[in-house]
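Asks: The listed protein sequences derive, respectively, from chains A and B. Quick note, the first sequence lines up with residues 2 to 108 if you use the numbering used here. Quick note, the second sequence lines up with residues -10 to 144 if you use the numbering used here.
Any given hint could turn out to be false.
Claimed, not checked - Distance condition first, Cα-Cα at most 20 Å in a straight line; then the derived PhoX-like pairs of lysine-lysine:
hint: 1; chain 1: A; residue 1: LYS88; chain 2: B; residue 2: LYS(-8)
hint: 2; chain 1: A; residue 1: LYS88; chain 2: B; residue 2: LYS(-4)
hint: 3; chain 1: A; residue 1: LYS105; chain 2: B; residue 2: LYS(-4)
hint: 4; chain 1: A; residue 1: LYS66; chain 2: A; residue 2: LYS88
To be verified - Restraint-style ranges between C-beta atoms, simulated for each label pair:
hint: 5; chain 1: B; residue 1: ARG1; chain 2: A; residue 2: THR65; range: 18 to 26 Å
hint: 6; chain 1: B; residue 1: GLY49; chain 2: A; residue 2: ASP95; range: 50 to 58 Å
hint: 7; chain 1: A; residue 1: VAL76; chain 2: B; residue 2: LEU70; range: 19 to 27 Å
hint: 8; chain 1: A; residue 1: SER46; chain 2: B; residue 2: LYS(-8); range: 27 to 35 Å
No lab work stands behind these hints, which were simulated from the structure alone. Please read these numbers as outputs of a predicted model, since none were measured by experiment. Beta carbons are placed, not taken as given, at the ideal position from N, Cα and C, and that holds for glycine.
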Amino acid sequence: MANLDASFSALADPTRRAILARLALGEATVMELAAPFDMTQPAISRHLKVLEGAGLITRRVEGTKRPCRLAPAAVDEIDQWLGMLRKALSANYDRLDDVLAAMKTEQ
Amino acid sequence: MSKMTLKTEGDRHVVVTRRFAAAPEAVYRAHTEPALIQKWLLGPDGWTMPVCINEARPGGKIRYEWSNGEGAGFYVTGEYLELVPFSRLVHVERMHMPHATPDNHIETTFTPDGIGTLMTMRMTLPDAATRTAMLSTGMEHGMEASYVRLESTFK
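Bound conformation, chain A alone:
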């Protein structure tokens, strides 16, 4: 449960979700992760610490760099996101049902 809570609060932040989306493309360094955001490297590092603490990313040492990658827990998380995407799409199609019903009435 503790881990679930940690992962939930880690994912409550849009920057951290965007970082995970970027890592879904493959391993990246702090500098590469900071590039698309208007944020300093220390700010990104703080987000990475939260993600690492929640078990969503792992980091390895390569010289002076510490590249990040998705942890298996994040891959599971991504499966759950699939469920949320399904929900968002479903909401669109439920609205489309109403649009189609209205088109029928107009005829």
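Position chain B relative to chain A; hints supplied.
Replies: Okay, now just chain B, sitting in the frame of chain A:
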């Protein structure tokens, strides 16, 4: 009742199916006429589509812009490759947030199903990593909606 299915297929595909209680012609029109698209293709609660360009002809442009009314937004651009009125649409699209994502090739078919329509949307991404990134980006918006709803239940 869950009418929609969404699943990944192979390394590069995502397939969505949904049944509608209307003829293929109506469902096709709701996918190609801007005034109709703006009523349903909205995503999370509170979002609108102030700009909707959909030139339903081969080579025609697609541009959808979404806004949450509070300064946040993103847009999709695309081009039609092939259209068979009331039965098949083929187009490519990419999301801009603001950097453009790799092209998503989408084939949408509308098949008569009893008195209604079975819609099948088959997306093809350039590679497995891009598919994962696309799904997680889409999920990012789904999650945003669920967090917004969560917040509103606390107010």
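Asks: Quick check: which numbered hints come out false for this structure?
Replies: Result: hints 3, 4, 5, 6, 7, 8 break, sorted rising.
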